[in-house]
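Peer 1: The lines below spell out each chain.
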Amino acid sequence: MIEWPLLVASGLLGSAHCLGMCGPFALAIGSAAPAWRNNLARQAAYSAGRLFTYAVLGAVAGFVGLRMAKALVGWTNVPAILAIAAGMLLVYQGLLAAGIIRRRGVGAGGCPGGAAFRALLSARGTLDVFLAGLFTGLLPCGLLYGMLALAAATHDVPKGLSTMVAFGAGTVPAMMIAGLGGSLLGVAARRHLHAIAAWCLVLTGCVSIARGAGYLDFGEGEPAGCPLCSPDGSDGH
Amino acid sequence: MMTRLGLALFFTMNVMVFTLLLWSQQEGAAADTSPGSRSFYDLARHACLLFTGPVLLLLGGPLVEDAHSDLRRGRLGISLLLLLGVAAAFGQSAWATWLGSGHVYFEVACMVLVAVTLGRWLEASGKLRTTQALRDLRRLLPDTVRLVTADGEAEMPLDGVRPGSVLRLLPGEHVPTDGRIAAGTAAIDERTVTGESLPVVKGPGDLLHSGTLDLDGELLVEVTAAPGAGTLERLIDAVAAAASGGSRQQRLAERVAAWFLLVVLVVAAGSCAIHWRLHGMAAGVLSGLAVVVVSCPCALGLATPLALWAAIGSAARRQVLVRDGDAFARLGAARTWCFDKTGTLTTGCRLTRLESTPEAAAAGFQNSASVLALAAALARGSTHVHARAVAEAASDLGVDPVAMLEVRTVAGRGVEGTPAAGRGLARMGSVRWIEGERPSRSSREEEPQSLLWYAGVVVGRLWFAERIRPEAGATATALAARGSRGIILSGDRPERAATVADEVGLDWEAPLLPEGKLARIEALRRRGTGVVMVGDGINDAPALAAADVGVALGCGADVSRWSADICLLRDDLSDLPWLADLAARTSRTIRWNLLWAFGYNACLVPLAAAGWVHPTLAALAMLASSLFVVTSSLRLAEGDAEGPIGGRDAQFAPSGPVTEPELEAAVTMEALR
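The listed protein sequences correspond, in order, to chains C and P. So in our numbering, spot 174 of the first sequence is number 174, and the numbers just go up one at a time. So in our numbering, spot 561 of the second sequence is number 561, and the numbers just go up one at a time.
Quick caveat, the hints were computed from the structure, so don't treat them as lab data. Please read these numbers as outputs of a predicted model, since none were measured by experiment. We put the CB at the ideal spot given by N, CA and C, even for glycine. Hints may contain errors.
To list a few chain C residues with every Cβ distance to chain P over 12 Å, as calculated [unchecked claim]: (1) N39; (2) V64; (3) V91; (4) G99; (5) G142.
The following label-pair restraints were derived from C-beta to C-beta distances [unchecked claim]: (6) L595/P with W199/C: 41 to 49 Å; (7) K70/C with L71/P: 39 to 47 Å; (8) G61/P with I100/C: 51 to 59 Å; (9) D216/P with I196/C: 41 to 49 Å; (10) W36/C with M281/P: 54 to 62 Å; (11) K70/C with G61/P: 53 to 61 Å; (12) L40/C with E65/P: 49 to 57 Å; (13) G61/P with L72/C: 38 to 46 Å; (14) A474/P with A35/C: 57 to 65 Å; (15) H279/P with A35/C: 57 to 65 Å; (16) G270/P with P158/C: 39 to 47 Å.
Chain C residues, not near chain P, derived (Cβ > 12 Å throughout) [to be verified]: (17) N38; (18) L40; (19) A44; (20) G62; (21) F63; (22) L95; (23) A213.
From just these sequences and the hints, can you work out the full model?
Peer 2: So this is what it looks like as structure tokens:
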């Protein structure tokens, strides 16, 4: 298992590139609460909602990984394949964020529930904001898919869940900062952070690929020695 | 609504996590009967039970109401089956939890409820989005008005206004309902109801249409139509009726959907009975429930109306008003486009040539420009198309009209007046009036012409040609590119029809009497290519009615007098190819939607009946199917719509997000349907 701190770091730094999509939500939440203390509570509720959804998705991914591993046992090493797939997705996301590769056109057509969703974001109650977070957690996001694939690679429900919680926890600070103060950092600093975030994603992806490849090579045995892998997490298959 | 759904989703997610833990425990250690494992099982089950309760309370209510209303009307609806399935799944699971053994299906009860609610919400929200354009129009009407009475002035809701009430209207306000100006003068922007882009100045006694905009004057308006019966409301109602009413395709789809429902009920009951007998009650309930869930809400019934509404709404946003959904559907396939000439392809006149006669020099005119200066001065006194063309030509060429003492119109003949610095009367008008009964037979006699007469002699000859709408040529080209044939059917002389036809690039047939036009359209229709007639809303009414699709320009504000199926409120021919494309895209979308709905049901209903689809997966599949149909239809509502309503012109874009009460109302409506 990739160490939790690295997952948190991916979330922490990776979320900087996600602010483009989720930042406006945080701002919308803040706009309904002028007092910063109230805003803080709302931002926390929003992040809690997102985190909850990530946790459930992680559990589902862990279960799917488990089922696949059992169904395809002896045929291929599912966790390894999943880890490699997750790594590739993360590297792709990282390269996208770093501007090395470009995406052609942006999908996301009309979202039929968009308007009602906006109403939730600017609603007064903290509960509504929590629910808005719950729904936002379901928004399509490449980084999320990568992390979910990683969670599936754990082929275990509690571990999948905690993978996503660790990643989600990492995204909290950036969203809080975005929602609370607009930006505390200058443009140049943000650009640097953005670049670091992108390469951090690429690094996480590479680690995941390396781990997956290690599993593939060594089959049922111990994984290859990898400096970034935690020995206690690698319970192998 | 959203809060309720969100909370239910939250509790369902909790149930899912505990269910997944249970499942993974079963996967990992089927034979694990240690005390630790048993207590974990118990804990997870009780947690599921705890979290399922709120979901049932939050989302079960509407389903119970729905089922109840079905039962009261003596119908067996899908809601009742869903309710039975959910109740059975929950009852069995609660019993198993109480006993501490046996399978639990809490996640089935939760997922089915959430998915069904989400599906209905999606459907209602899609319908709301597709009718957004019409609601935008309705939002032009203010909520409150300023009522003027003997006691003074009071603000009151629009609904309280009666015919005869007097309202004060301030600059920048929309006219709340039809009325007559009692006092004041103002420039009125009428483009929402007549399409006319230039403001019209109106004063005491003039009629105001609801939804038009008072640009600059304070007015006292005597109400002539009760709120809801004004021009704009009648216009909206007509389009709404076309969208929701009698499209043949739609009726067919509804009939098919009704039969389909019956089939689903039978299949669900059969599958439930067979699985119950073979594998026990739980298997029976699960398979029956999966069949019902997978096919509800039925994408088959949703496919046609959503796409049609979206397209008609999109057209309304561009001020193309569709009054007949069937005609709109036929438009996409039509391959013969007939055009009326005067007023449709052409608009007004232009001065093509001015010749000063040899006598002009003797009368004191140095050149043609000085002749035009006199003509332009006379033209000011008339509103005839030729007079307007002369005035326009003079202003285009920078020729100042000479000063006149007085100018008067001679009905049916022309205009006459006396120049301030001149030697007597000047006249401009028909050849017959000026030269008597003996019009000179020039080579250009087929072109309309006027004569300018001054001090006893003809000093100038003016020739006119019809002004072809600037977008006519591009429209003809665009229609030809779509594989359509365009023909001018004109009552005018052959030479004039030919001139216009050559310039625009269409075939022509002339001269045709009104009956001749009808016969021609009938003949073209018999060839089976689908005939569209584009004409003037009033003069061409019979031809418009005879064609497969009648498209009119110049419909006027009164919708009850429209004779066409589709009305171009902006009088812009370039809306035609756009409209034809929209109609074709709509037909395509409907076909795809139906194909999808049919394929989806044909694949998944048998699988569910065979017991191979878990109800949780069935719920997800159903949501995906609804989402596909809704989004593919909504794509018709967005895109290149431009025009005064929505889009670029901020003044006419009061569009806001769908509000919570609107959505609530739509969902309730849906439940009652």
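Peer 1: Beyond 12 Å from every Cβ of chain P: is that where the Cβ of G99/C lies?
Peer 2: holds (29 Å)
Peer 1: Looking only at beta-carbon atoms, does the pair G270/P, P158/C fall within the given range of 39 to 47 Å?
Peer 2: Given about 41 Å between the Cβ atoms, the range holds.
Peer 1: Confirm or reject: N39/C is not an interface residue toward chain P, with every Cβ-Cβ distance exceeding 12 Å.
Peer 2: The assertion about N39/C holds, with a minimum of 20 Å to chain P.
Peer 1: Given the range 38 to 46 Å, decide if the beta-carbon distance of G61/P to L72/C lies inside it.
Peer 2: holds (44 Å)
Peer 1: How does the Cβ-Cβ distance of A474/P and A35/C compare with 57 to 65 Å: does it lie in that range?
Peer 2: At roughly 58 Å between Cβ atoms, A35/C and A474/P fall inside 57 to 65 Å, so the hint holds.
Peer 1: Hint says 49 to 57 Å; check whether the CB-CB distance for L40/C and E65/P agrees.
Peer 2: This hint is violated: roughly 40 Å between Cβ atoms.
Peer 1: Using the C-beta atoms of K70/C and G61/P, is the stated range 53 to 61 Å upheld?
Peer 2: violated (40 Å)
Peer 1: Non-interface claim for F63/C: all C-beta distances to chain P beyond 12 Å?
Peer 2: violated (5 Å)
Peer 1: Between D216/P and I196/C, does the C-beta distance stay in 41 to 49 Å?
Peer 2: violated (58 Å)
Peer 1: Starting from the range 39 to 47 Å, see whether the pair K70/C and L71/P falls in it by beta-carbon distance.
Peer 2: holds (45 Å)
Peer 1: Taking the closest pair, is the beta carbon of A44/C still more than 12 Å from chain P?
Peer 2: The assertion about A44/C holds, with a minimum of 16 Å to chain P.
Peer 1: Could you let me know if the closest chain P CB is still more than 12 Å away from the CB of V91/C?
Peer 2: holds (29 Å)
Violated hints, in rising order: 2, 9, 11, 12, 20 and 21; the structure is consistent with all others.
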